Amino acid sequence: MESSRQSSYVRKMVYASLFAALTAAAAWISIPIPLSPLPVTLQTLFTMLSGAVLGPYFGVLAMIVYVLLGLIGLPVFAAGQSGPGVLFGPWGGYLIGFVFGAAVTGLIAGAKEKPGLAWLCMAMAVGDIVVYVFGVAQLALILQITLDKAILIGFFPFVPGDILKLAIATVIAGKMKV
Amino acid sequence: MSAVRRSRKGRGGKARERIRYLPGDSFVHRLDPRTKTLVLIGFTCMALVFTDTALMAATFGLLVALAMLTGAFRHWYGTLVKAMPFVVLVVLASTLFPRVSWGPVLFAADWWIFHPSVTPGGFVYSIGVGLRLLTAAGVSTLFIMTTRFEDFVAGLRKLHVPYVVAFSLGLALRAVTLMSADMKIIMDAQRSRCLELDAGGLLSRNRLMSLIIPMTICLINRSRNISSAMLCRGYGYAARPAIYSRLRPGPGDWIVIAGTLAGIAALAFL
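Respectively, the protein sequence lines represent chains A and B. For the first sequence, counting from 1, position 153 maps to 153 in our numbering; every step adds exactly one. For the second sequence, counting from 1, position 24 maps to 1024 in our numbering; every step adds exactly one.
None of these hints come from the bench; they were simulated from the model. Hints should not be assumed to be uniformly reliable.
Claimed, not checked - For each label pair, taking beta carbons as the anchor points, the in silico distance ranges come out as:
hint : chain 1 : residue 1 : chain 2 : residue 2 : range
1    : A       : ILE129    : B       : GLY1263   : 39 to 45 Å
2    : B       : LEU1261   : A       : PHE88     : 19 to 25 Å
3    : A       : GLY85     : B       : GLU1150   : 29 to 35 Å
4    : A       : LEU141    : B       : GLY1263   : 28 to 34 Å
5    : A       : GLY174    : B       : ALA1181   : 27 to 33 Å
6    : B       : ARG1148   : A       : LEU117    : 39 to 45 Å
7    : B       : ALA1181   : A       : LEU147    : 39 to 45 Å
8    : B       : GLU1150   : A       : GLU113    : 17 to 23 Å
9    : A       : ILE142    : B       : ILE1220   : 37 to 43 Å
Computed from a prediction, not measured in an experiment: that's the story for all the values here. Note that CB positions come from ideal geometry on N, CA and C, so glycine has one too.
Isolated chain A, as found in the complex (with noise of 0.2 Å):
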């Protein structure tokens, strides 16, 4: 028990690592899209994924990870960015909110012991919101807009692609087991 436990632990700690760096890898595949000079990027995808699949501990340090890799220099960020820069700049409130998504993601997605399809769904959309919630703020503040047009912006022009990308998460979700 105290084996399987252990590898467990181990396995989820390795999967946190690549989550963070595929993550990374993902950001460099841009779709620009009109509106908004963020491109889409499958971000968020893993972000609900690492919540989803790993719980929230775990992902919320793959999320963590991501987030310092960027920090130290590495160009993993949209766009290939990099840089304490990003972070408290306008669009930095999209990586704070990857952090808390894959929290939130985990939570819900394991308050029940197994979750079904429809569950893990809602769980990754509500872990989705709170990326937005935290990016829409952070641009809203930075650009000294107001909360609507930042909406304009920073949240309707990814909604397509989300609802995209939510559907073959909740699909990965399910099939996969860590």
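We have chain A; now place chain B onto it with these hints.
Same frame as chain A, now just chain B:
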């Protein structure tokens, strides 16, 4: 003999330049990972704070000198060249739409809602912006090329970073290049099967699935292999994992630490 052993070349082709640790015995390789972390922070601060192009050029020159000391200059240069299209784009945009501008206007136009203008001051400022990007990317690349994953984790442990965070950060640092190489291979494989990833964007279910499913399988395979290897070596059976490599800063470390701290202190006064 070169300080860095020659990297293995691919089958009959040129070796793919990617950011990875290059074994070597140079002065920079021998530095304590904590010293290198401080240097990394120092250079990142300089890239963030300096707005003067001459200071930025001096900082970048210092970084080039450090890269030459490692004996891995060719490889370092190769990875920076990859970032050049993005840097050139940023420099061009900064030249046309400068935040700082002085001197006579050399070019001005009215394109729809855009009003670009080129001035000598704007051009000099944009060169500084490009150097800033190269410095930020170059110092982290140099750090990864000269620091072993095990030493980085041991260094973080010495700084009292929790083991789980230190280990995950070290592994992720190493895995970023592996995962991005995997992603490139998957994209090339899908293109060879006539999937048009560039035309019409990626936002379609089939295109996204054709990338995400193989990437997830790669992630699972790699995670299983690494965790099995760790468990085979008895990892996780002791509360505090033993680290056999002892890190001790040498005289070179103290000189570099003093130089970096002096640089950061000078920044505070500028």
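Notebook entry, point to check: Range hint 19 to 25 Å: satisfied by the CB atoms of LEU1261 of chain B and PHE88 of chain A?
Noted result: About 24 Å separates the Cβ atoms of LEU1261 of chain B and PHE88 of chain A, which means 19 to 25 Å holds.
Check: Can the suggested window of 29 to 35 Å be confirmed for the beta-carbon pair GLY85 of chain A and GLU1150 of chain B?
Finding: Once the Cβ atoms are compared, 31 Å apart, the range 29 to 35 Å for GLU1150 of chain B and GLY85 of chain A holds.
Note to self: I want to verify a distance hint. Is the separation of the beta carbons of GLU1150 of chain B and GLU113 of chain A within 17 to 23 Å?
What the structure shows: With a Cβ separation near 38 Å, GLU1150 of chain B and GLU113 of chain A fall outside 17 to 23 Å, so the hint is violated.
Notebook entry, point to check: In this structure, is the beta-carbon distance linking ALA1181 of chain B and LEU147 of chain A contained in 39 to 45 Å?
Noted result: Since ALA1181 of chain B and LEU147 of chain A have Cβ atoms about 41 Å apart, the given range 39 to 45 Å holds.
Next item on the list: Could you check the hint for me, namely that ILE129 of chain A and GLY1263 of chain B are 39 to 45 Å apart, CB to CB?
Entry: Given range 39 to 45 Å: holds, Cβ gap about 43 Å.
Item checked: Cβ separation of ARG1148 of chain B and LEU117 of chain A, checked against the hinted range 39 to 45 Å -> Holds: the Cβ-Cβ distance is about 43 Å, inside 39 to 45 Å.
Next item on the list: With respect to the beta-carbon atoms only, verify the hint that LEU141 of chain A and GLY1263 of chain B lie 28 to 34 Å apart.
Entry: Holds, since LEU141 of chain A and GLY1263 of chain B (Cβ atoms, about 32 Å apart) stay within the stated range.
Notebook entry, point to check: Is 27 to 33 Å right for how far apart the beta carbons of GLY174 of chain A and ALA1181 of chain B are?
Noted result: holds (28 Å)
Check: CB of ILE142 of chain A to CB of ILE1220 of chain B, is that within 37 to 43 Å?
Finding: holds (38 Å)
Figure legend: structure checked against the earlier numbered hints; the only hint not met is number 8.
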